[in-house]
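Chemist: Residue-level listing of the chains:
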Amino acid sequence: MRKLASTADWMDLYQQAQNKLAHQRTLPTVYIGMGTCGIAAGAGEIEAIARQELRRHNLQANLIPVGCIGMCFKEPLMDIQLPGWPRVTYANVKPEAVPEIIQNHLLGGKIIEKRALGQLTEPGQQKNKTIPLPEYTELPFYQKQTRIALRNCGLINPEDIESYIAQDGYQALVKVLTSMTPEEVIEEVKNSGLRGRGGAGFQTGIKWEFCQRSPKTPKFVICNADEGDPGAFMDRSILEGDPHSVIEGMLIAAYAIGANYGYIYCRAEYPLAIKRLQIALDQARRYGLLGENILGTDFSFDLELYEGAGAFVCGEETALIASIEGRRGEPRPRPPFPAISGLWKQPSNVNNVKSYALTPQIILHGAEWFSKVGTPRSPGTAIFALTGQVRHTGLIEVPMGITLREIIYEIGGGIPKKKQFKAVQTGGPLGGCLPESALDTPVDFDSLVQAGATMGSGGMIVVDQDTCMVEFAKYFLTFATAESCGKCIPCRMGGQRMLEILSRIALGQGTLTDLDEIEYIARNMREASLCALGQLTPGPVMAALRFFRAEYESHILDKFCPAGVCQGMFRYEINTLNCAGCGLCIKPCPQQAIDGKKKEPHTIDQIRCIRCGVCYEVCNLNAIEIQPAHKQTAASEAG
Amino acid sequence: MSEETCDLRELEVLLETFQGKKYPVIPILQKTQSLYGYLPQAALRAISEKTGIALSQLMGVATFYAQFRLTRQGRHLIRICDGTACHVRGAPQNIEAVEDALNVPAGGTSPDYKYSMEIVYCLGSCGLAPIAVVNDQVYGKIDPKTFVEQLKKLE
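Protein sequences appear in the order of chains U and B.
Heads up: the first sequence at position 373 corresponds to 363 in the numbering used here, and the numbers run straight through without jumps.
Just add 2 to wherever you are in the second sequence, counting from 1, and you've got the numbering used here.
One thing to keep in mind: the hints can contain errors.
As the list claims (entries may be wrong) - Stretch-level coverage of chain B by chain U, calculated; a stretch enters the list once three of its residues show a Cβ under 8 angstroms from a Cβ in chain U:
(1) 66 to 77
(2) 84 to 90
(3) 106 to 115
(4) 141 to 155
Said to hold, decoys possible - Taking lysine-lysine and the DSBU-like style, the derived pairs with C-alpha atoms no more than 35 angstroms apart in a straight line are:
(5) U:LYS577 <-> B:LYS154
(6) B:LYS154 <-> U:LYS206
(7) B:LYS33 <-> U:LYS265
(8) U:LYS477 <-> B:LYS33
(9) B:LYS154 <-> U:LYS477
(10) U:LYS409 <-> B:LYS143
(11) U:LYS84 <-> B:LYS154
(12) B:LYS52 <-> U:LYS335
Source of the hints: derived by calculation from the structure; they are not laboratory data.
Nothing here was measured: the structure is a model prediction, and the numbers come from that model.
Where a beta carbon is used, it is the ideal one built from N, C-alpha and C, also for glycine.
Using the sequences and the hints, build the whole thing.
Modeler: Below you can see the structure in the form of structure tokens.
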């Protein structure tokens, strides 16, 4: 294919992509979810077997690897689509089930109902009446979702630019280049109210305007794909599932601010995202969608992929810029903001992956369409990686304003194993946790901050009764402290001191004045740290102290960890009323500390027991209870 | 850091590919590491001489980012859990057996660079104690004799 030199060339390519899709639809198709998560669950083997089966049956069929559709809890996923029929998804596919699915469904046209999860009917396809499979939009996991940035993830082949073009990909770029001035593009993004999805929530259009008005040239466009929060994988899924949407968003931003060169800064821990981005960049370059005189206009832009080297702080924009410049990833004070003086001291625009991925849709459908989704002050959708103690873990995109309860209980399906919800952490290690009483908080930038957490980049970790809030805060603090770059003292020292105090509390050596000390350090870190890493490091501890103070006091006063996590601060006891003497706990105990006859309540030898918790996990009858290690009362200890 | 000899010819070829551009520090170090498996001091010196980037800047960057290693690793990474459950189930005996049989100190690398061993604390699989993870594969309920045999079989 030659480079596109005009909009007429573009129309040809668009037609060609549509034809290719139409032809593809005349053959049966197998889709396999091949994101990092799918591959970890065994999609590689599934694909190999499916390929082998297609060959064995000598079948004319497409085998298309797709990105992540978001249902991590159902991986590996395999979809079958027969010409003219809806696409049917099979979940938790085991290698031995693949030949059966291909034989019955692909060859025989019979859906294997017990293995099928749902179907996706597109306009013009026949409804399948014989087997009442739920539509994707009716599944609890998808019902409340609105997929804008994730619209293609899991549905198209991320390694084929024509798959993207067939779904109106690069249409927004064509619209911008042929009918809009840079000012009009900025106006449109401003009117949409889009706020940066990296976490801070700054108005994207205003950021672009600052950069556009900056007189110096050259200017740079940078995509922050250094997603470092533990438990977050939104950006990775977009880059793996729909990399062209990010490239298109960056092209539009570059046109708006007047940049001719850009960087995607992606963490090295995402090899698949890097591979697919590289393929996407090469394809876009081959068609002339990147390069000199794009579509015959005088707009030129090219992009370079830059691999991070493992530093959480490089998600901060000035540290990220330092890293591209080949220095230690240490932030610097702002102002000047990157829009005035960024990469190589030139005006630079840094946005998150999700912000760029949303941009083409805003341009294509208009600001008004976008601002109708979500809330007035936080328009559009929010993307979360829902993880932890929740039934349906995965990647979701929801309209802003949805409540935490809807996300956790309706989309997430609630807490597994009949356990109790305890807290939800949003905003990753720099966010905060919210308790049950805050579950009706609407999810948007301002409400979450008001409630005591932050929106962050999109990690959402749900924890149940078995999580100790001292240990939980300590975990995030350990992470943030280890990732402090060490440049400014409040962050470097404050995090360390706070971690020492928390470790003391977790060992049962804390005092009540320690809690005041934490608050004192937190205030100083917030006020005096150079960048968001230091300013927000106290967040998880402060939120935990605000909502779970009693648990901290229990550690300090009663030397009791009610969740049964902190070593030496609890013991396991068998509740003789609940114990049926089933013997399930005897064998797994690594210490042979449990004794008892069948059908009679068992006992735990407290001297041999090492509190590993294996018995607590295996017991189905709630017969293993967590009790204070020493039978002391709060009064005797405090007195 | 001990000075080791390493073949610098490949590095020169590598640096040629960056010529003409403003030398990008991190990509150069990443490519150098994939060449040698770590960043040998001699290579860092050679990069500094060739590119004019101060050795102090190279060291600063190499020590800042988690990805970079300044010592050579073994081909196989053995991580043995010595958390409480594994400890009481015999992790110390396993560690000792591996140290003796394969000549790899805990937290170090064997002289033939075949193995590196790390001690970790609780991998969350106490029911399979004692456990170890070798090159991302989990080995449960290990005992000194069979575990050492399994490790010896690795290429």
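Chemist: Hints first: check each against the structure and report whether it holds.
Modeler: These are the hints, each one checked on the structure:
1. Interface restraint, the region 66 to 77 of chain B with chain U: holds (5 residues with C-beta to C-beta distance below 8 angstroms; minimum three).
2. For the region 84 to 90 of chain B, the stated coverage by chain U is satisfied: 3 residues place a CB nearer than 8 angstroms to a CB of that chain, which reaches the threshold of 3.
3. Counting residues of the region 106 to 115 of chain B whose beta carbon lies closer than 8 angstroms to any beta carbon of chain U gives 0, which falls short of the minimum of three for the stated coverage.
4. Given as covered by chain U, the region 141 to 155 of chain B fails the check, having 0 residues with a CB less than 8 angstroms from a CB of that chain where 3 are the minimum.
5. The suggested pairing of LYS577 (chain U) with LYS154 (chain B) holds, with an alpha-carbon distance near 31 angstroms, which does not exceed 35 angstroms.
6. Distance check on the hinted pair: LYS154 (chain B) and LYS206 (chain U) sit about 62 angstroms apart at the alpha-carbon level, beyond 35 angstroms; violated.
7. Simply put, LYS33 (chain B) and LYS265 (chain U) have alpha-carbon atoms about 16 angstroms apart, close enough for the 35 angstroms limit, and the pair holds.
8. Our distance criterion of 35 angstroms between C-alpha atoms is met by LYS477 (chain U) and LYS33 (chain B), whose separation comes to about 27 angstroms.
9. About 45 angstroms separates the Cα atoms of LYS154 (chain B) and LYS477 (chain U), which puts this hinted pair outside 35 angstroms; it is violated.
10. In summary, the hint linking LYS409 (chain U) to LYS143 (chain B) is supported, as the alpha carbons are separated by about 29 angstroms, within the 35 angstroms threshold.
11. Pair hint LYS84 (chain U) plus LYS154 (chain B) holds up; C-alpha atoms about 32 angstroms apart against a cutoff of 35 angstroms.
12. Under the criterion of a C-alpha separation no larger than 35 angstroms, the hint pairing LYS52 (chain B) with LYS335 (chain U) is consistent with the structure, at around 26 angstroms.
In this structure, the hints that do not hold are numbers 3, 4, 6, 9, in rising order.
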